[in-house]
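Undergrad: Which chain is which? The protein sequence lines are A and B, in order.
Our numbering puts the first residue of the first sequence at 1, with every later residue one more than the last.
Our numbering puts the first residue of the second sequence at 1, with every later residue one more than the last.
If you are wondering where the hints come from, they were derived from the structure by calculation, not from laboratory data.
Incorrect hints may appear among the rest.
Each computed DSSO-like pair below joins lysine-lysine, with the alpha-carbon atoms no more than 30 Å apart [to be verified]:
#1 B/413 to A/26
#2 B/375 to A/2
#3 B/348 to A/2
#4 B/409 to A/26
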Amino acid sequence: MKITPEEVRHVARLARLSLSEAEVEKTTLQLDDILSYVEKLGELDTTGVLPMTHALDIRNAFRADETSASLPQREALANGPAHNGEAFTVPRVI
Amino acid sequence: MELHALTIHALQKLLSSGEISSLELTRAVLDRIDAVEPRVNAYITLDRNGALAQAGAADDRRRRGEGGSLCGIPLSIKDVLCTKGLRTTAGSRILEPFIPPYDATVVEKLRAAGAVILGKVSMDEFAMGSANENCAYGVPKNPWALTHVCGGSSGGSAASVAADECIASLGSDTGGSIRQPASHCGIVGIKPTYGRVSRFGLLAYASSLDQVGPLAKDVRDAAIMLNAISGYDPRDSTSVNQPVPDYTAALATDCTGLTIGIPKEYFGAGLDPEVEQAVRKGISLLAKAGAKIVEISLPHTEYGVAAYYIIAPAEASSNLARYDGVRYGFRDHDQHELLEMYRQSRSKGFGEEVKRRIIIGTYALSSGYYDAYYKKASQVRALIAQDYARAFAQCDLLVSPVTPAPAWKIGAKVDDPLSVYLSDILTICTNLAGLPGMSVPCGISTAGLPIGLQLQADHFAEEKIFRAAYALEQRLELAGNKPKL
Numbered sequence: 001m002k003i004t005p006e007e008v009r010h011v012a013r014l015a016r017l018s019l020s021e022a023e024v025e026k027t028t029l030q031l032d033d034i035l036s037y038v039e040k041l042g043e044l045d046t047t048g049v050l051p052m053t054h055a056l057d058i059r060n061a062f063r064a065d066e067t068s069a070s071l072p073q074r075e076a077l078a079n080g081p082a083h084n085g086e087a088f089t090v091p092r093v094i
Numbered sequence: 001m002e003l004h005a006l007t008i009h010a011l012q013k014l015l016s017s018g019e020i021s022s023l024e025l026t027r028a029v030l031d032r033i034d035a036v037e038p039r040v041n042a043y044i045t046l047d048r049n050g051a052l053a054q055a056g057a058a059d060d061r062r063r064r065g066e067g068g069s070l071c072g073i074p075l076s077i078k079d080v081l082c083t084k085g086l087r088t089t090a091g092s093r094i095l096e097p098f099i100p101p102y103d104a105t106v107v108e109k110l111r112a113a114g115a116v117i118l119g120k121v122s123m124d125e126f127a128m129g130s131a132n133e134n135c136a137y138g139v140p141k142n143p144w145a146l147t148h149v150c151g152g153s154s155g156g157s158a159a160s161v162a163a164d165e166c167i168a169s170l171g172s173d174t175g176g177s178i179r180q181p182a183s184h185c186g187i188v189g190i191k192p193t194y195g196r197v198s199r200f201g202l203l204a205y206a207s208s209l210d211q212v213g214p215l216a217k218d219v220r221d222a223a224i225m226l227n228a229i230s231g232y233d234p235r236d237s238t239s240v241n242q243p244v245p246d247y248t249a250a251l252a253t254d255c256t257g258l259t260i261g262i263p264k265e266y267f268g269a270g271l272d273p274e275v276e277q278a279v280r281k282g283i284s285l286l287a288k289a290g291a292k293i294v295e296i297s298l299p300h301t302e303y304g305v306a307a308y309y310i311i312a313p314a315e316a317s318s319n320l321a322r323y324d325g326v327r328y329g330f331r332d333h334d335q336h337e338l339l340e341m342y343r344q345s346r347s348k349g350f351g352e353e354v355k356r357r358i359i360i361g362t363y364a365l366s367s368g369y370y371d372a373y374y375k376k377a378s379q380v381r382a383l384i385a386q387d388y389a390r391a392f393a394q395c396d397l398l399v400s401p402v403t404p405a406p407a408w409k410i411g412a413k414v415d416d417p418l419s420v421y422l423s424d425i426l427t428i429c430t431n432l433a434g435l436p437g438m439s440v441p442c443g444i445s446t447a448g449l450p451i452g453l454q455l456q457a458d459h460f461a462e463e464k465i466f467r468a469a470y471a472l473e474q475r476l477e478l479a480g481n482k483p484k485l
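The shape of chain A in the complex, shown without the other chains (with noise of 0.2 Å):
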C-alpha cells in the first residue's frame, strides 16, 4: 500500500476536512490506485530537468501602486453566512 488509513486521516485534517471512517477507507483504496499509477513518473531520468510550475516564461507582473475603486464593505459582507455589519462573525476563537 502506498497510503495507510492513518496517513489518509492526517491529510484530511490538514486539509480541514472530516471523513467518516467508510470514506477513510473507500479514500485509501482510491488514493491507492492513483498514487501507484502515478509512480510512473519514477520510470523517467529527471536528473538536472528544471521544474516548470508556470506555462509561459511570465516574470513578475508589476503595476503602479495607484490606488483605485475597491469593493464596497456591504457588497463584501453580503455573501458572508454571518457578520455583525462590519466584519465577518466565527465561533469565539479565544
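With chain A held as given, fit chain B onto it using these hints.
TA: Just chain B now, with coordinates in the frame of chain A:
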C-alpha cells in the same frame, strides 16, 4: 431553420437587417429551453427575466446604431465564471447561496459586445471531472443520446450548445474541459493559449492550467467569441499583453503552406477504431486542402496524466482553502468551535471528487512527499513542454483524436476515478504546456455519438487552428447535423 438552431453569424445578419429582434430571438431560445431542458438538464440557474431585459436593451442599442459583435445574441455561461448579481455555484453545494458582487472580465467583455446572458450552465464541481457527473445539481445528458454523459467539466456548456438551448457558451479548460465535452456533443470548442484570455472572476481550480474559452456551433462562431473575450487584463497578472488578431480573418478554405504533424503516441492502443477512422478521414481531408502531413513524436505524452493528477490537485488544495464558511458560501452553523466549523462546512459543502483531489494535493505537497510528487511532476511537465517545442520546429499544427472513445454511459465509471482520469490522456498535455487546442467535429459513430478531431498549435498560434478547422468543416459538412431531441 428555427431561430434557436442558427449560428451567431447567421443571426447577426438577421438582427442587423432588422428581420428579427433580439427579444424575438431570446424568446425563441427560452421556448426551446422550456421544450428540451427537462430532458437535457444543462442549466443550473436560468435568468429568464434578466435575459429578456438584456435583449430589450440590446435592441435599443442596435436602434441607436451601437452594439458590438454579439449584440442581442443569447449565450450560456459555465457556472464557474462570476456574474454580477446572478448566482454562481461552481456546481458545488458550498457555493449554493453565492451571488457574485462583480462580473468576471470575460463576462464584462461579452456584455460590452452586447450579448444576452441566459443563465449559468452545469459543470463538474469546481471543474473537477470529465463527464459532468460530479455536479451537486444533477447530471446533464448528452443531447445525442440521453443515456450518455455529455463530457466535462464544461458539460452544461456543451449540452446547451448542442441542444440549441443557447447560441454559444463560455467554458473553462484545465485538462480538456472544453475540448472533451465539445467532442462528445458534436460542437466546436477551443482552449486558448494560457494568458490569451483573462482568468479574473474565474473560480480557480488549478491556476497554472485554467483557461477560459468558447464552445460554439461552428468554427466561425468560435472565432467571433474568441475575438470578444481575448486580451490583456491588468486584473490577471498572468494574462499576456499581446495584440489580439481578428480570428475570423484566419478562416480560409485551403491549408496550403501548413504542415500538420500527426503525433503517433495519440494513436496508440486503447483508441476506439471508429474514432481513429474518423480522425484519419479528417487528416486526409486536410491533406486534400493542401496541408503537408508529417509524422511527429511526443514521447512523454503517456506521462501527462500522472503529472497532471499531481499538479492540478496540488494547486486545487491551495486554491480551495478559501472555502472555509467565513466569507461566502455554506457554513455549518451547528458548530461552535472554529476548527470544527471549518471542517464540517467544507466536508458537507464539497462533493466526493473535490475532497479526493484536495486530499491528493495536500498529500503531494506535504512534508516528506513534495520532492517525490510535486517536484517530480513539475519536471515531467517541463519534458512534455520540450516535446512540443521540438514538434513545433517541424510542423504548424498537431492533429489527433480528442478522446480515446465516444461518450460513455452515465454511471459507467462513477466508482473508478482512475479510469476517468485516464480518459483525459489526449487533452491534458496541452494544458501542461499552456498551448491552444480545439475540438472540431469530424464524424458520428455507428451508435450515433459524435467524434471530435483535436488541433493543437504553438503558443498564440490560434489563427492556424482556425484556418485548418474551418477548411475541415467546409469539407466535412457536418455543421448542419443536429441531435434529434
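Undergrad: Compare the structure with each hint and give your call.
TA: Status of the hints after comparison with the structure:
no., hint, result
1, B/413 to A/26, "holds, 15 Å"
2, B/375 to A/2, "holds, 18 Å"
3, B/348 to A/2, "holds, 27 Å"
4, B/409 to A/26, "holds, 23 Å"
Hint check: no violations occur; every hint is consistent with the structure.
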